[in-house]
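Listed below, chain by chain, are the residues.
2 protein chains.
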Amino acid sequence: MSNAQTHQNRYKADLREIRFLLFEQFRLDELLGSAPYDAWGRDEVGMVVDEAYKFACDVFGPLNAVGDRVGCRIEGGQVKTPPGFKEAWDKLYEAGWKSVSVSPTYDGQGGPFTLYTVVEEFLCGANAALNMYPGLTYGAAEVIEHFGTPRQRDLFLKRMYGGQWSGTMCLTEPQAGSDVGSSRTSAVKQKDGKYLIRGTKIFISGGDQDLTENVVHLVLARVEGAPPGTKGLSLFVVPKIRVNDDGSLGGPNDVVVGNIEHKMGINGSSTCVLNFGESDACLGELVGTVEHQGMPQMFRMMNGARISVGLQGVSVASSAYLNALEYAKDRKQGSSILQWKDATAPRVPVIDHPDVRRMLLDMKSRVEGIRALIIKLARHQDAVAVYQGKDDRAAAYNQGQVDLLVPLVKAYSSDQAFRVCETAIQTFGGAGYTKDYPVEQYCRDAKVFSIYEGTNHIQAMDLVGRKLGQGGGVNLQAFLNDVAEFVKANEKHPVLAASIKELREAHEAVAGTAMRLLSWFQLGKMPMVPLAANRFLEMMSELAIGWLLLDGAVIALKAMEGLPAGDAGAKDRAFYEGKKHAALYFAANVLPHAKFSAEILGREDSSALDIPADAFATV
Amino acid sequence: MSNAQTHQNRYKADLREIRFLLFEQFRLDELLGSAPYDAWGRDEVGMVVDEAYKFACDVFGPLNAVGDRVGCRIEGGQVKTPPGFKEAWDKLYEAGWKSVSVSPTYDGQGGPFTLYTVVEEFLCGANAALNMYPGLTYGAAEVIEHFGTPRQRDLFLKRMYGGQWSGTMCLTEPQAGSDVGSSRTSAVKQKDGKYLIRGTKIFISGGDQDLTENVVHLVLARVEGAPPGTKGLSLFVVPKIRVNDDGSLGGPNDVVVGNIEHKMGINGSSTCVLNFGESDACLGELVGTVEHQGMPQMFRMMNGARISVGLQGVSVASSAYLNALEYAKDRKQGSSILQWKDATAPRVPVIDHPDVRRMLLDMKSRVEGIRALIIKLARHQDAVAVYQGKDDRAAAYNQGQVDLLVPLVKAYSSDQAFRVCETAIQTFGGAGYTKDYPVEQYCRDAKVFSIYEGTNHIQAMDLVGRKLGQGGGVNLQAFLNDVAEFVKANEKHPVLAASIKELREAHEAVAGTAMRLLSWFQLGKMPMVPLAANRFLEMMSELAIGWLLLDGAVIALKAMEGLPAGDAGAKDRAFYEGKKHAALYFAANVLPHAKFSAEILGREDSSALDIPADAFATV
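Top to bottom, those sequences are chains C and R. Okay, so the first sequence: first residue is 1 according to the UniProt record's numbering, each after it adds one. Okay, so the second sequence: first residue is 1 according to the UniProt record's numbering, each after it adds one.
Treat each hint with caution, since some may be false.
Any copy, or any two copies together, can satisfy a pair, since identical chains are not distinguished.
[What the hints assert, rightly or not] Pairs of lysine-lysine, DSBU-like flavour, derived with a Cα cap of 35 Å: (1) K558 to K492; (2) K341 to K86; (3) K525 to K595; (4) K595 to K341; (5) K158 to K194; (6) K329 to K390; (7) K435 to K595; (8) K194 to K332; (9) K80 to K390; (10) K488 to K595; (11) K501 to K80; (12) K91 to K435; (13) K80 to K91; (14) K91 to K558; (15) K595 to K501; (16) K501 to K390; (17) K390 to K191; (18) K332 to K231; (19) K525 to K332; (20) K329 to K54; (21) K571 to K525.
For the record, the hints were derived by calculation from the structure and aren't laboratory data. Computed from a prediction, not measured in an experiment: that's the story for all the values here.
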């Protein structure tokens, strides 16, 4: 590939679709104009959408391939990021795209979280690896905002939200991956109230870089004498360069980059081994003032990070789809199936071939369905902000839906992102396997989304082990009620009735299977739960997505009625037709899986538990 | 990763499983000892299996990672393969592993094709990219063996089967990928009977290399005045270096490497753009003596190549599974689910966790099922060789099953290989995403298997458009009868009855859907066929695999009865337990999909055909 191609933006998003979700389907307008979003209206939101997309394409997009090809390296104990990353970081913070939803107290614009997710989708999709540095910085700052002392907030927040310093989250250790409770990093309290930190953390994204003058690590560690497991963990602020009380930089802290990983993808993001306190001179301070609060504090960041991973998934998948669509419209190959016997029939664009259309519509429905789910989650979060202190019931309902949907968004979006990328490659054919097109990189980048920030099985266990029963099952019940209401309102829909019937059956399957899983806890069939958890998460995600796609189709069909005839309404008509067909396709081809999965889980097959460990292979 | 790790063999195969398939399930012995396999018995076959595996691990395996990292490059118009490839090539041909099933006429060992597939699995699995050079050479030689003139056979075969010269297949052109009939490469007959070849071929695997003194290209081209489409194509032998009548090398032919592709994987395999006749001095000779026979000739090679791609899939998937299994037994993380509330409970190997067991058993059942399908196909091919001229009915039945199963083996194995690699990465967690372990490379290598040698949709259309109706449907009927007989014989099996019931339902679903597809051809619903083809291929593959896994389980359960008690029988008992659980798992979790897919296809959803092209997106 030529240098010019390596530096070309390949990112694409469909802004019409974004606007449909924000304003037609999820009516974000209803939350705008009142506190805390007094300063925001539809125009302001729309302007940010347009400009952020332009920024993503102009600044982040052209660095995606080069970041992948060049990757990160260590030079003199410091990580060097790919060429152009530093300039892009500076432009990002100059333009203010990371502070759209940051509080004005910290120089942010105080916008809705929903808008933040849209901006994030653009930035992730244009350059998933590059956007990890600001993404994790944002998450680390949020933890300090919510749990830090006033002094910590003063010292760190403007500098972190503003891009002067970056942030990381340091959980994983060589012996403690999914099993965070096994962390051995230790913290010993000093006379001045600071802590000496000692231990090794691995897989630390952005653990070092050359973008900022300082890196603020949030480190999980165990204070001497603390209980074992997750309950004994505390969270510490451990800057790479020590910070004086006036915010100026002191000497280097004892944090050493041991190594960086060589990975399948996201090569532009440095994944570091960090050694804290090798020379017994690593000082950290407790986040807040109370020890052993590390896990709840970290979970605040994890929740945001999990939504971000869902955004990474949909952003990459969406661009993979749109690139495949462009190729399918351009590339001519073969004749129409209706003329397959005539060797002289004209060659047609591959989008004319039924299997290519099937792949495209499959990708479209998944991408748009997942995005709808994320926007729904984000809107619930904004509703919490609006209703808090005004309408407790509404706030609780919305918070409950956020909690319930986070594992779905993280796991389903990331798993599907990889599959959509696979389909996109297949749509391209051989060309998709080459580095001349972006889809093979998307596919490699996407694989990690199913792994980090809690593997997708951990998400599934969070769903079935915690979220289903949360508040006595009230959140699940509210979700199921919402779906049931939609079914009831639309079961005689002139165009969608058959699809709504599928939705009803999927609803029954999910409700029934949820009951079955809860009964396993009670009947002492505990090991069956993790065996079924991933499948259940998939069922529930597809129910949610089927619902939201059908809801979108109802809205689209209604909107079509009001369109002017002929050319004036042609563009909108095409768009709404797309919404309709995506819903029809998903309802006929994907939604039935919930019912099938319920049948499979109903057999309670335990072969995977029963097989002896030495029976897997004779090697 | 250290240099030592990059040069370490990571390939693994389960030889006990191979022996089970060869001798216990598919009773290859019954075909040995009679012509053309007179010289072969169980011991000879077993020895080749052991030694070929050792060779694959010792010689091919250590070059897999380095081939990926270093890749191929062009130097002075010549492709340079990764370090070590030339030595490995020489050792391969010295050891004779590529001539196991080559006729003694050409210095081969005349062994069964089934054994060849086992050897190929080892070589592909140890180094998929490296093995493409000898694999394509073998295929090209086979075409010359079957269609070439006696002079061509004399000139080329010993040199190609013996590794002195390599071979390629040159079909694809920039405007003619899946649509081979659009090929523009031209052939103009000269007075001496040779042809001037002119055109550009792309995606030519092994199109150039530094392993052999000559490369023999088989080039599809159109003779002046030939009809359009595939029917006007002829096949030519076009050597890189001209060959004198005595077999000595002449001057260079006019074949120029224009470029090599940069790909997602199989980086050790050179993927070339070849320009033939840029200076109007490229001479080729017709394969055989009759023009316009290019497609049937190429199809002979394609058939073999498609089986090879199926082998690539299962080989890589199998090693991914076995590497994940090893990691799951070694890696300790978390406590047993039965002690999840106790932070001090001992850490356990991750194979103790239900979801890890589920992933492992899922991979095991798919890998072993696909391998069984390939061995079945290969055995049918050997049976054709044995019965030809002795028992026409048996020969025809076996040839029919080969024809029917080729698209299943190519498409299902390759699609599943990518999925199994995905699951293997997930089993490793973060470690699987790094280049410290081989699974991420396996995953990248595997993606192309679904694309080349005819995309998997082309395989699906070959199945539903040609193979289902072949001979009035006799091959499909024979296949379905074989399954039905197995069901009948085992429907009251004491352990497997419930699984056999699943098999019966899958059988009904496949038979019914086949009828439905055939009716679409007749009812003028032609565009529905390609829309359903991939799903049907999956249904039929899973029926076949479910059957073969259950057949294996019946055999395993019977064999277990005869085992000595205690330690003496422990290893075999564990192995047979594995066969049993793989079948139970597949029957309960995968086999029902055939029934579900039949239900989905029964709706005849046409949304992908109906959606207007401009409704896919507003970009």
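Inset, instruction - Sort out which numbered hints this structure fails and list those numbers smallest first. - result: 2, 6, 7, 9, 11, 14, 16, 17
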